[in-house]
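Enquirer: Once you have looked at the hints, place chain B on chain A.
Protein sequence lines, in the order shown, are assigned to chains A and B.
Mapped onto our numbering, the consecutive letters of the first sequence carry residue numbers 886 to 1191.
Mapped onto our numbering, the consecutive letters of the second sequence carry residue numbers 391 to 871.
No false leads were mixed into what you were given.
Here are the computed lysine-lysine pairs in the DSSO-like style, where the Cα-Cα straight-line distance is at most 27 Å:
1. B:Lys444 / A:Lys958
2. A:Lys984 / B:Lys437
3. B:Lys659 / A:Lys1139
4. A:Lys1177 / B:Lys659
5. B:Lys659 / A:Lys984
Simulated from the structure, these hints should not be mistaken for laboratory data.
Fair warning: this is a prediction, and the values are worked out from it, not measured in the lab.
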Amino acid sequence: MLSRVADAVFWMARYMERTDNILRALRTNYIASQDEIQNFDWHLWVEGLGPEGYVSESNPTYREALHHLLLNKENNTSLLINVARARENARSVQDYITKEVWQCINDYYHLIRDPHTEQLLLANDPVTAFDNLLRESTLFYGTVDITMNRGEGYSFLNIGKYIERLLRSLDILELKIKELESGGIEVTQWKYLLYSLSGYEFHTKYYRNVLSTENVFHQVILNAQFPHSALYCLSQVDRYFKRLDAISVPEHFKEMEFLLGKALSNLRYGGHEQKNLEQVKSLVLRTKIEIKDLGHKLASLYFGYS
Amino acid sequence: MSFASLLSEYSTHPNIWDEMCLKGEIRSHYKVFFETLSQISPEDLVKKDELAKKLFMSQGITFTVYSDGEGIEKIFPFDIIPRIITAAEWTQIDSGIKQRIKALNIFLRDIYHDQFIIKDGVIPAGLIHSCPNFLREMVGVDVPFDIYTHISGIDLIRDSDGSFYVLEDNLRTPSGVSYMLENRSMTYRIFPGILPKSNVRSVKDYPDLLLKNLLSLSNRQKSEPTVVLLTPGIYNSAYFEHTTLARLMGIELVEGRDLVVDNAKVYMKTTAGLKQVDVIYRRVDDEFIDPLIFNPNSILGVSGLYYAYRKGNVAIVNAPGNGVADDKAVYPFVPHMIKYYLNEEPILKTVPTYGMDDPEHFQHVFSNISRMVIKKTNESGGYGMLMGHAVTEKEVNQYRKEVEKNPRHFIAQPIISLSSVPCFINNKIQPRHVDLRPFALNGPQGIEIVPGGLTRVALREGSLVVNSSQGGGSKDTWIVG
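Just chain A, same shape as in the assembly (with noise of 0.2 Å):
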């Protein structure tokens, strides 16, 4: 395929992906806000989520961060602003992917801007503006996985799909953790770092004892049966980009095969000495560069940046 459309295509997954799981953590965490958190720092959000180095000036209002989250079109890493980007990709490569993908996307666009969204989060019930986008965020990924078919280009959007999914687990464990050292409650900080992953349930179920640091720290990095585990996605991202071995450029297929198996067996066995929250934030740290090094290679080497 044209690496310009792998490339647009690698992009235009990540940015549904980003958006998604922002959504469900704000979500979370807005519900956490109106609830169980007392004096939720919505400034820390802000600034978590907002452009690398960015300081909000104000402590915002819950509806303010909010409104500066999701639909604020001068913050250039607003929900609006990413799904713009997801369409302006898809749109790029309107022909490559399946034209319910496309509508898709495009009706997710209109939606976000709709005024009734704007009105919902701003005058309104949030949790409803937040179900009625994340539905239509579902509804892409059911459509790509009903029509898309099982080509080089399905494999790019999943390397995209699953290194965004794994960088934005960390940013919410980073997150969580700030709070947690600006006075948060371990527990609550842990329960709603769960839900924020959507795997509270399942952190019930498999560890069977109140939250623990440590078994939270597992879930989140080490757990291979958790979709949102750091190990789960990079697994993921290791076997689509497996699939690409028969179109590869043999040397570049083994470049990139190298950096993803170090990434991943760093990942595997350096998890598991990580007791303390200093050892957990210098490993977050070191995998999120290893990621860029790898999304940097995958840029130069498959989409013809070089």
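Expert: Frame of chain A, contents of chain B only:
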């Protein structure tokens, strides 16, 4: 509101050919449709109109207008009532266009080789050599199967007596065919059951016919030649059409930056390395296809593409240089071409055209300006036109000065009134003026035209300008019987 009141404002003009009504009676080929329509309440018709808009929006059949740094999605206006053409009328259109394309294609071959038509005094040499779209780079170049006009969109209009006139030949990169296809899919969503009942001919074959032609142009002895569609990119207003055609034909949609020329061969950049391209259906104008030969500032094209083309290593569709044949000042000579090359009488009429470089014509046109339209020879999209019946004296004088500066670049024609058809506007059925653009495909096996085309509508009351850039819309076009 009853159906009768829906039609109450349908008043036709005696000097205009109305395609639905003849002296207050509904013509027979519109009857079946009108029976169905009369069973639908006006309220439901309004809902159908809204449904059509919603479908266009949700399918992303839109173009983006940028203002204040933000993109606004717009749809090309669509009118829900189909325009109906009889089989007999179509037979005449079909044979008329085929005859015309055949002659124009021979003309292009001739003008870029021996120029017999000039030597025999049928067309003045000055006219051709003053044409900015005559490409010297094409002289002596042999194109595959001697075909230049692979895809053409011929604009037809109907005068007050109902006869068809050719208004323009679009032989470069005519657009609109995706709307012909989409408008049809819209009809079966809006009026379920009506298409089979009305015996409407299908337009679905278009992408298959086009692909068959494109594949046959490959020069390499290869079972699966690589065919690509070259688009200027997502900001082009016809981008939707490019993706639709690429999808329907299953070919790669490429941008200039996806292609590279090496050793006079064209390659596309893929994840598995470079892959040779055999045929390019380009939707980029001549001027932009190769910065080394044409516009050096173009980033839409590919450096070296033209060289690869001349070497015969890649086919380009349509051939570069076709602009010399659809120049508006060359247009009045097309009937002569038909006689000269084919020894036939033209089947379709041509609008009388006055080249403004002739002082007699100039005088005649400006003394009868209220019945004239003046056009620039190399503008399309309804730009740079002066409609003599709707302007002030000051505007005429201004335009006159423009013409005097460079008379070769202007022609004048008497204003043709354009036929009218029923449209659903402001909850009423009202007559509006239309033209018709059928699409002709010219391949090694001959010329084929899918039965249908794009009907463009001037949505403003009384307006004769159908271009989408000037507030025009479109309709589904049925050939029945």
